[in-house]
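Using the sequences provided together with the hints, build the complete structure.
These protein sequence lines map, in sequence, to chains E and A.
Number 3 in numbering that gives the first Met the number 0 belongs to position 4 of the first sequence; there are no gaps in the numbering.
Number 139 in numbering that gives the first Met the number 0 belongs to position 140 of the second sequence; there are no gaps in the numbering.
These are computed hints drawn from the structure, not numbers from a lab.
Take the hints with a grain of salt, since some may be wrong.
[Unchecked claim] Simulated coverage check for chain E against chain A, where a stretch passes if three residues somewhere in it have a Cβ under 8 angstroms from a Cβ of chain A:
1) 14-28
2) 137-150
3) 229-239
Virtual Cβ for every residue (Gly too), placed ideally from N, Cα, C.
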Amino acid sequence: MSPETKPDFLISPEGLRIDGRRPDELRPIELEVGVLKTADGSAMIKQGKTHIIAAVYGPRELHPRHLTLNDKAYLRCVYRMATFSVPDRKRPAPSRREREISMVIANALEPALFLEDFPRTVVDVFIQVIQADGGTRCAAINAASLALADAGIPMRSLVPAVAVGKADGVLIVDLGDMEDKYGQGDVPMAILPSTGEITLLQQDGSFTKEELLEAMQMGMNACKYIHELQKDALKRAYLRRTPEKGADDEEYEDDLETDLGESALPGEDDE
Amino acid sequence: MVPGQLLAEGRYRASGGTYSQDGRIYSSLVGLAELRGNTVKVVPLEGVYIPREGDLVIGTILVVAGNNWKVDIGGPYQASLHANNALRRPYHEDISRYMDMGDVIAAEVIAFDRNVGPFLSMKGRGLRKLTDGMILEVSPAKIPRIIGRRGSMISMIKSRLRIQTIVGQNGRIWIKAPDTPTLRLAVKAFRMIEEQAHTTKLTDRVGQMIDEELEKIRAAQSPASDVEAASEENEANEDNKEDMSE
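Spelled out as structure tokens, the structure:
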């Protein structure tokens with residue numbers, strides 16, 4: 000790959016970005032739930048050229064034992080980048096940056112989860128960046144929250160995340176790699192859409208107070224859009240597993256009301 | 000239902016798979032909503048096994064520790080079974096004589112809460128060491144469906160296939176069948192329920208599938224000798240009667 004050069008402009012005279020997007024436009028996002036068979040829950044996200052897979056295991060027994068929390072489950076996030084995910088080979092040893100992002104992701108997801116339902120256990124979230132093109136921590140949160148839902152971990156809501164930044168003095172949503180590197184700033188954020196609570200907010204570069212407030216508002220709107228995509232992906236994953244066509248939500252919801260009713264009662268299951 | 004979806008507002012009671020905030024009830028899981036009386040709950044489609052008192056479970060013995068057995072019952076929690084809850088007194092000091100590492104047992108959860116791990120008991124009808132048959136593992140979230148409403152699904156499968164089974168709430172199913180084709184068919188039936196757990200009229204479809212497959216098995220056996228097949232069937236019947244009276 001040819002050495003990267005700084006582009007002449009990040010916002011063209013027509014007001015478009017280097018990849019032709021409008022300032023408030025997201026990259027095309029593709030989400031898929033249940034991509035890994037062995038994991039309890041998994042999800043894949045492709046956001047522009049960024050490609051990430053998240054896997055969730057648990058709740059399961061926690062090793063090493065001394066990390067056990069007596070009142071809730073321990074959320075262990077591991078964010079890793081593949082050696083081939085960036086143009087210059089990334090050295091395979093875990094870097095300081097990876098450890099930091101792992102922690103940031105754990106902190107962003109934890110407020111959404113009901114970890115207190117599973118004391119003395121661990122929920123493992125493994126995030127593997129296959130291809131990185133900016134916005135990996137936000138994309139990772141999007142995928143990880145879907146994977147957690149797929150694993151059946153109870154949660155308040157899914158957690159959408161997006162980065163807002165500034166390039167050539169214009170606020171832009173969902174930064175690509177170039178905009179991240181050569182732009183003037185970057186504000187990744189994650190929210191709980193039901194209440195609008197912010198679970199992740201970082202800033203890099205300088206913003207005026209007005210800019211930051213506007214950036215956060217843009218981020219909120221983008222997050223709400225991503226949340227819709229997430230819900231859609233989750234529903235799609237279960238509809239796909241339905242064999243007959245035309246079985247819509249309503250139909251089997253009704254059925255379960257009558258059919259599943261008493262089944263969980265103990266004592267009916269043995270001879 | 001997806002997590003965070005609004006289920007109900009007003010005077011409803013939140014139950015499993017939901018949470019309430021400011022008097023509104025939201026789903027906390029991916030699952031199917033169910034309303035019964037004024038209680039709202041969400042039946043999950045995925046999840047690990049979390050023990051509940053009174054559950055029948057199938058476990059494997061991991062360790063013999065003094066007068067306790069440590070038992071793997073799936074899920075994040077390891078269970079323990081005290082000799083007093085399993086054996087009739089007086090019992091020998093060395094309890095590994097009765098059950099040792101690797102043995103598979105059917106037991107009942109007698110106590111479990113946030114602080115103390117699950118405790119098992121084997122005092123009860125049908126609770127014993129399992130020495131033959133096979134164990135099939137399915138997703139614990141699908142067990143209610145395998146049992147069916149008031150046991151409809153499982154009793155249908157048992158009667159049509161003439162097999163013995165024990166369905167543990169922890170997603171393990173013990174199957175003992177008279178012959179291999181029947182065993183395979185039973186496994187196929189359980190797998191089918193697991194895959195299609197969220198669809199309608201499953202009992203009928205499983206029943207139909209079993210009937211078709213049984214026809215095939217009979218067809219494969221009968222050319223040899225119809226009389227033999229018939230007598231085998233009789234034997235199977237008798238087996239079944241025996242275990243019913245047990």
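Comparing the hints with the structure gives:
no.	hint	in the structure
1	14-28	violated (count 0)
2	137-150	holds (count 3)
3	229-239	holds (count 4)
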